[in-house]
Amino acid sequence: MDRPTASGRGLLGLLAVLIVLAYAVPYGLLRDIPSWQAAFLFWTLFGVAAVAVIIRLISGWRP
Amino acid sequence: MTQGVLILLGVYALLGMAVAFSARRGLGEGAGEYYLAGRRAGGVLSALSYGATTYSAFMMVGLAGLTYAGGVGALGFELVYLAGLGLVAIFGPRFWLAGRAHGFITPAEMLSHRYDSPWVGGVMAVAACIFLIPYSAVQLMGIGYLLEAVTDGAVGFQSGILIGAGLALIWTLAAGLRSVLWTDALQVVVMLVTSLLAVGFIVAALGGPGDFLDTIATDHGEWLAVPGPGLFSLTTFIGLTLPWFFFSISNPQVSQRLFTTESLGAMRTMLAGFLILGLVYTLVSVIWGFSALALLPGLESADQATPALLASGAIPKGIAIVLVIGIVAAAVSTVDSIMLSLSALAGRDLYRPLARGGRHELLAGKLVMLLVTGLAIAFARLQLDLITILSVASSSGLLVTVPAIVGCFFWARGTATGALVSIIGAGVIVTLLQVTGSNPLGIPASVWGGGLAVVLFVTASLLTRAPTARAEAFMQPVREGLARHRVL
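Just so you know, the protein sequences line up as chains A and B, in that order. Heads up, the first sequence is in the working numbering, so the first residue is 95 and it goes up one at a time. Heads up, the second sequence is in the working numbering, so the first residue is 1316 and it goes up one at a time.
For reference, chain A alone in the conformation it holds in the complex (with noise of 0.2 angstroms):
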């Protein structure tokens, strides 16, 4: 029923494809690797990159 604005559909699109590594990467290429630069270290990433993208989408709009 609405659009979504270029560089909004994709920074959305980023955090689509951050959202799909969060399950693919560590139950892919980092399974079973029993060390903290593995998996943890991937989602802790994980979880800064998708606060970031998800502060910059709100950050256009005007209040």
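None of these hints come from the bench; they were simulated from the model. Here a beta-carbon is modelled for each residue, glycine too, at the ideal position from N, C-alpha and C. Incorrect hints may have been included.
To be verified - Partner residues aside, some chain A positions facing chain B, computed with beta carbon under 7 angstroms: (1) GLY107; (2) ALA116; (3) PRO120; (4) TYR121; (5) ILE127; (6) SER129; (7) PHE134; (8) GLY154; (9) ARG156.
As the list claims (entries may be wrong) - Footprint (simulated), chain A over chain B, 3 or more residues, beta carbon under 8 angstroms: (10) 1508–1521; (11) 1546–1555; (12) 1568–1580.
Go by the hints and put chain B onto chain A.
Leaving out everything else, chain B in the frame of chain A:
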């Protein structure tokens, strides 16, 4: 320890009372004032309250226990939930604009209006009660168990339940959302500061950050791997994360907050503030769980990780006491918001359509709040397995409302029949699957429920006549507002 807990509990209760009753000043008349704080909530206060409402005793007890049992998957699970807050960036302004334009008090009322049927909101209100009363009961049970354990029975299980329920009820009744917002702000500070202190001390007790990391990597390396010691298979991970990803729009105690901020700028502050708070609290809770694993491996039940760690003497008694209060605050601040939201849903979406003119709606809502509290206490005291199952099923159960909520804004072809069939049909199926513990074809109940809700909503909507004029009237002010505020 017992005396310390009792004294601090008393201080916490008195402070909360003072804050709750001072929030009564400036409280106006009517449901909008009581349930939405007059739609004038500031951004920082909303962020703190959103955090206190979302994060219950689950974090420092349940998530820590999940880490203890299943390892790093617990971190991924909670951070996928946090990424789901991207939904607030999409739906938050839409809820806010629709709420202002049409005067909605509850998300269920919004659905009733959009789909042109009071049945939709009524069913949503009933679904919220079915899942969120047991969820509240489990929070109260958590308070009961924790206080009983740390006071050596001086505060019994039953007394703990009554203390938790009493505080939540008084702080909600005092001034509705105004008192909930202010007490939540106090409580989230208590939650965060106490958990940071506790984790700092426990990591120091393990020899500092370096030794802590080494101990886990050397002695419990499997817990750092995915899928880890066995709990977090990919299927389980998907089954757990799917309903939690949609939590911010499916659970009325948080989605109702999207009507309350004074401006979209305040909503932006709320969301950004909560995201940062959530990231910190998640990491703290997971590190707490890993610390329990390092210090006390081999516990029979992972749920015992936090109580055992508190009793272990590894952290100073004073810190253990303040953490207990922090966990109680986390539970109470979740329960009071749920009570307020269920009260609004019952008054607005069940009582009002039935009572001519909707008179005494607020009184009906407050009576329901008493009833909800009574039921939560009764369920908590009974300690029925079914209550725990329904509580666990709450996120999956409320997931079935998501297609109707999404359709509200993004699919003009969606109909009341589609919404009703999807919420009732998928809700019954997912509850049955959860209660019987079955995962047909190895697919988790939540995935079945979510998928079925989408199929039922789309199919039943296509087979029935859409209220297109109503959908257009509903969306017009939203569309104009989105363009005006440059929201995607």
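Task: Hint check against the structure, violated hint numbers in rising order - done: Those not satisfied are hints 1 and 10.
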